[in-house]
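Protein sequences appear in the order of chains A and B.
Quick note on the numbering used here: the first sequence kicks off at 1 and runs consecutively.
Quick note on the numbering used here: the second sequence kicks off at 1 and runs consecutively.
In short, the hints are calculated from the structure, not lab data.
Check the hints yourself; a few may be wrong.
To be verified - Pairwise CB distance ranges (calculated):
hint: 1; chain 1: A; residue 1: Thr136; chain 2: B; residue 2: Gly69; range: 42 to 48 Å
hint: 2; chain 1: A; residue 1: Lys72; chain 2: B; residue 2: Gly69; range: 29 to 35 Å
hint: 3; chain 1: A; residue 1: Arg121; chain 2: B; residue 2: Glu110; range: 55 to 61 Å
hint: 4; chain 1: A; residue 1: Ala140; chain 2: B; residue 2: Thr156; range: 36 to 42 Å
hint: 5; chain 1: A; residue 1: Arg144; chain 2: B; residue 2: His168; range: 48 to 54 Å
Said to hold, decoys possible - Over the 10 Å line for every Cβ pair with chain B, so calculated as not near, a few chain A residues:
hint: 6; residue: Tyr3
hint: 7; residue: Trp49
hint: 8; residue: Ala54
hint: 9; residue: Ala140
hint: 10; residue: Gln143
hint: 11; residue: Thr152
This one's a predicted model, so the numbers in the text were calculated from it and none came from an experiment.
The C-beta atom is built at its ideal place from N, Cα and C for all residues, glycine as well.
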Amino acid sequence: MTYAIAPTLHTDRLTLRPPQEADFPAMLAFNDSPRAGFVGGGRDRQWVWRGLLANVGLWALRGYGFYSVDTKAGDFVGRVGVIYHDGWDEPELAWHLYDGFEGQGYAAEAALAARADYHARISAQPPISYIDVANTRSEALAQRLGAVRERTVTDPEGDYHVYRHPAPGGAA
Amino acid sequence: MMHPAQPQLTGLPVLETERLILRAPRASDWPAFRDYRLSPRTAYTGGVKKPHEAAEQFASFFGHWVLRGFGRLIAEDRATGQPIGHFGPMQWEDAGEVELTWSLWTAAAEGRGLATEAARAMQAWARDVAGLTSPIAAVHRDNAASHAIARRLGGTVIEGRRPAWFDHGLVYGFAKGGAA
């Protein structure tokens, strides 16, 4: 059996690596916490597991997806990557950090690496980021990454700004 | 949802039975799976889902093979070339018992023993090739057709056990992987 898995990317402070089964407890804790409120938390345990499997499966199918992000010390701090869900307009650069790891620039550092990797291996088309209109911290990060708000969309889950990332090689 | 650049999960088993071919899931199975997963046929397996949940479950079939080395195959009707359901062993995150599963996607495929034929082939593969020697099956209380399949596969009800992922049902055990 052969399949694609994520490459491993290194930044100054972080390692972006393939998802693995050992990530599940941290994913579940995040899902069960208020921190996941903007990104569809509060799911049943089995759907969190299914989400991990689906991410591995989408790597195998498409060659991109969420990376699991570790510090050099080995702390699993969150997930960052380009994802493309059913019903979405385009691939999205997405990020979330687990409790205790925010405020240190980890999300920006990992997002820049994941975005560059996506452009290098998959597509030159700039991804979008969907951001809940109440998620001001994530919106500020999108702006720091050089993304520009294009429009606001509404679905049954809520209202989302659609940010467009800069073309490869553009300002970041 | 599915726009893969190329098939990137290869080398999964292909099982041939009298009327079916069981082969790896592929992106082109998605519309048929989505129609099933959004239909009332899923009443005994978690209920009707939203499209993004169906897509996540479909993608999870691929990830399960990657992480576990076993998983669901898609049964294709030799006569029509159409995918008719998913079959195979699965295991939840707690590394607990392996479950044999069988799901026919349409009513049109029912009533001819196709599900039993596919489930038997996967049962044999799970036991003889994957080495999964003591699987279980979880069947909803009211799913008579599925209870019949479990019995045909040599399953016996484990007294006192209830399925982990729905409230009303029975758990079957398959000694040494079930009847040969």
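Hint-by-hint comparison with the structure:
1. A:Thr136 <-> B:Gly69: 42 to 48 Å: holds (44 Å)
2. A:Lys72 <-> B:Gly69: 29 to 35 Å: Given about 31 Å between the Cβ atoms, the range holds.
3. A:Arg121 <-> B:Glu110: 55 to 61 Å: At roughly 44 Å between Cβ atoms, B:Glu110 and A:Arg121 fall outside 55 to 61 Å, so the hint is violated.
4. A:Ala140 <-> B:Thr156: 36 to 42 Å: Since the Cβ atoms of A:Ala140 and B:Thr156 sit about 60 Å apart, the hinted range of 36 to 42 Å is violated.
5. A:Arg144 <-> B:His168: 48 to 54 Å: holds (51 Å)
6. Tyr3: For A:Tyr3, whose nearest Cβ neighbour in chain B is about 4 Å away, the distance does not exceed 10 Å, so it is violated.
7. Trp49: Non-interface label on A:Trp49 violated, nearest chain B Cβ at 4 Å vs cutoff 10 Å.
8. Ala54: Violated, since 4 Å does not exceed 10 Å.
9. Ala140: holds (27 Å)
10. Gln143: Its Cβ never comes within 10 Å of chain B, the nearest being 27 Å, so this holds.
11. Thr152: holds (20 Å)
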